[in-house]
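*Asks:* What follows is the residue order along each chain.
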Amino acid sequence: MSATDPRSRGAAGRAKRPTPGRHAIETRGVTLAYGATMALDDVSLRVPVGAMAALVGPNGAGKSTLLKVVLGLLPAASGEVLLLCERITDARSRVGYVPQRSTVNWDFPADALDVVTMGLYRRLGLFRRPGARQYAAARDALDHVGMADLARRPIGNLSGGQQQRVFLARALVQDPDLYLLDEPLAGVDAASEAAIVAVLTRLNEGGKTVVAVHHDLNTLSRYFTWLALLNVRLMGQGPLQEVAASDAFERAYGAAPARGRPFWASVADDQEHRWEGRPDRAELPA
Amino acid sequence: MPSFLLDPIVITVALGAALLGLTAGALGTFAVLRRESLIGDTMSHAALPGVAVGFLLTGERSLPLMLAGAVVTGLAAALFSLYLSGRPRIKRDAAMGTSLGLFFALGVVALSYAQRMPGAAAAGLETFLFGQAAATLRSDLVLLGCVTLVALGAVSLVWKQAKLMTFDPDFAVAAGADRRVIEAFLTAALAVAVVIGLQMVGVVLMSALVVAPAVAARQWTASLGAMFWLAGAIGAASAVTGALISALSPGLATGPLVVLVATAVVCVALVTSPRRLAQVDG
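These protein sequence lines are chains Y and P, in that order. Quick note, the first sequence lines up with residues 755 to 1040 if you use the working numbering. Quick note, the second sequence lines up with residues 369 to 650 if you use the working numbering.
One chain only, chain P, in its complex shape:
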């Protein structure tokens, strides 16, 4: 075993990457099946102002506060795009594009302002753009682990409702399910999936780590449960690979590497999909 794998920093990075890849990949299953990939992208870009404000509130690096800020502005952007697409003559994609641009611009402005504060460099604010795995602290692992447990546990508790609402909302409501509650829950799950990886993967590319594993997993399986866990495994593998390469090559941002690995898996999945072969069979 190469000696660097025993380095505590490397172990911290790999563990953190595995946790966030697992959560983002698995929860991404519902986002992809609900055709909400672009909502994920909107939320991740819109997380930036929340991160900056979370930092400005305390003036120091407080991951829970910065991520809480990210959830708030991310959801606000999602709601704003919903509001826009409810207006006459505004389509959903235009609404999301508008909301994404607005919140990301706000984020860049807030970030530039925050950069001038003392302690900003130490907080590693700029790494939230493209991600920096090496910035992961051992104390962050506890937070990542808790979020992973709570998010996956919550989804598995209401699995049936989430499945039915994703497949056939009309039938679900006719059978007595509360559409708004379940959709709010799934949107919150997506927000968690996006926000959990902001520090390692960055706001710009995070949504790719939510979407790509689910897309790849769907090629290999025709069962929701299998897709969920397979997407989690692909997410974890991609995140660990990308994070390790980045951690060992100073100056290389993590986000792009993680996304390149995940996209490579998608390409392999598309070529080797048994469904594709089955269709050729007839």
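Only chain Y is shown next, with the shape it has when bound in the complex:
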């Protein structure tokens, strides 16, 4: 099956199930509190290898916190984390992290190519500086996210969506097996959203595991096939349709309204049409 054959892009072609039994992320009873406030309570997340997974929940549900615990950026009060069946310290080279755009100072003196090259620093070791090969790889990654012509633009002069694409390119250049993205589509323009989703989809089709914190329930079923619902505690996880059909949304977001359909009801409906609205490679900006 060729990834470029449009016929293979239908639901049937995509139906390659995530590998059972092997987990890209496995947490066991992760618990974390900020002072007296519980941030994560006994979270046992198991994302299968090869999943296109969304991590969803209301504001303050602990989505970013969970991602940071998984990456070892925050210490959990209790519980265990395995990434690709290894401890994080052994798995780092196989994990690509795309932090929330707002966590860095975009006034930093660097251009897009500089930032993408940072993805190769680990491989370069302590003292070696990036050279022609590294810059070529970084340009290639920028090309994949449709930003080749902006390589030398200072990052402060990029739009929010372009900055997010630079961050994604920085993860691409690492060529990891697992991508962890914190709100990659928050506050980005339509063109950037299409470019980012197209890249993530292609990665997933190539066998990579993608796990993204996602906030927009309207696009959830179009972009993702696996879902974890979090609200301090893990309210549900599994293939998106199964979770949407359960009462997990109700438990994560509070009781359903007395009249009318709850705002998450469309998630299950949309699943039927998930291929129609999906941006294709052809829509990528040149």
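The set of hints was computed from the structure by calculation and includes no laboratory data. A hint or two may mislead.
[To be verified] Incomplete in silico selection of chain P near chain Y, CB under 8 Å: (1) Ile379; (2) Leu424; (3) Gly492; (4) Glu494; (5) Cys514; (6) Leu517; (7) Leu520; (8) Val523; (9) Lys528; (10) Phe535; (11) Ala542; (12) Arg586; (13) Ala590; (14) Ser591; (15) Leu592.
Note that beta-carbon positions come from the ideal geometry of N, C-alpha and C, so glycine has one too.
Since the structure of chain Y is provided, determine the placement of chain P on it from the hints.
*Replies:* Same frame as chain Y, but now just chain P:
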């Protein structure tokens, strides 16, 4: 060439000023980008008790010992402000203000005490407040030169890690960097940048020579490497200019002159910044 430029004292002063301006300006790049300018100010004020104690230990002017004391109390003040801001209901700026005041007060008390010792006047202790370029000895140049080489060399060795940790600490840690080691290194670099100029520029204004060149350099460049060296050059030029004016006008403290020159460069940079013009272009 005016004859005073060949005067050995003037040459010593100019060389010393160039070295400390280069180091302070270049290392200030990371302090400014990490938004630690106020930590620099805290450390420089807090260096005063260390200088006094360094003098009291030997009873004579020993620059290495006085500067070592300055590093110790400067870092102690930085740690104390970190401890305070970790307490509930104390914000970072209040913590630094408290720490700065405490250590500077201790320094003034220790300095007054040390002034009564024989030899205090000869050690030029009071010049550590506002700086006195003319007090630079030829033997100090060796120390300044070594510190400059070691500090700049160390930063260029771990350049990638320092850059990544400054821009995106979360990503750096996720990629396996040790946050505490690199941050300790950068804080130590800032302490060195502050302490190296204490004698010429003084504890009160030294942090301005760390901050101003980086602020000016940022206006003219969008690359970290260029900013680093440009800030070093601006720092060196400001320090040499200020030190020469002061050395030729007896009684004029060096620190304020250096800072006035550096701030003038910042003003020029703000007006002529290509980024500013680019933004007008759209």
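*Asks:* Run every hint past the structure and note whether it holds.
*Replies:* Right, here's what the structure says about each hint:
1. Using the Cβ-Cβ criterion of 8 Å, the hint placing Ile379/P at the interface with chain Y is not satisfied: the shortest such distance is roughly 35 Å.
2. Evaluation of the Leu424/P hint against chain Y yields a violated restraint, the C-beta minimum of about 41 Å exceeding 8 Å.
3. A distance limit of 8 Å between C-beta atoms decides the matter here; for Gly492/P the minimum to chain Y is near 39 Å, and the interface restraint is violated.
4. Using the Cβ-Cβ criterion of 8 Å, the hint placing Glu494/P at the interface with chain Y is not satisfied: the shortest such distance is roughly 39 Å.
5. At about 22 Å, the closest approach between the beta carbon of Cys514/P and any beta carbon in chain Y exceeds 8 Å, and the interface hint on this residue is violated.
6. With a cut of 8 Å, the hint placing Leu517/P at the interface with chain Y is violated, because the nearest CB-to-CB distance is about 17 Å.
7. Given the 8 Å rule on beta carbons, the hint for Leu520/P is violated: about 15 Å separates it from the nearest Cβ of chain Y.
8. With its C-beta approaching chain Y no nearer than about 12 Å, Val523/P sits outside the 8 Å limit, and its interface hint is violated.
9. Checking Lys528/P against chain Y: minimum C-beta separation of about 5 Å stays under 8 Å; hint holds.
10. Evaluation of the Phe535/P hint against chain Y yields a held restraint, the C-beta minimum of about 5 Å falling below 8 Å.
11. With a least beta-carbon distance of about 4 Å to chain Y, the hint placing Ala542/P at the interface is held under the 8 Å criterion.
12. Annotation: interface hint on Arg586/P holds; nearest CB of chain Y at approximately 6 Å, less than 8 Å.
13. For Ala590/P, the suggested interface contact is upheld, since its CB lies about 4 Å from the closest CB of chain Y, less than 8 Å.
14. Satisfaction of the interface hint for Ser591/P is found here, the shortest Cβ-Cβ separation to chain Y being roughly 6 Å, below the 8 Å cut-off.
15. Given hint, Leu592/P at the interface with chain Y, holds; its Cβ is 5 Å from that chain's nearest Cβ, closer than 8 Å.
This entry does not satisfy hints 1, 2, 3, 4, 5, 6, 7 and 8, going by the numbered hints stated previously.
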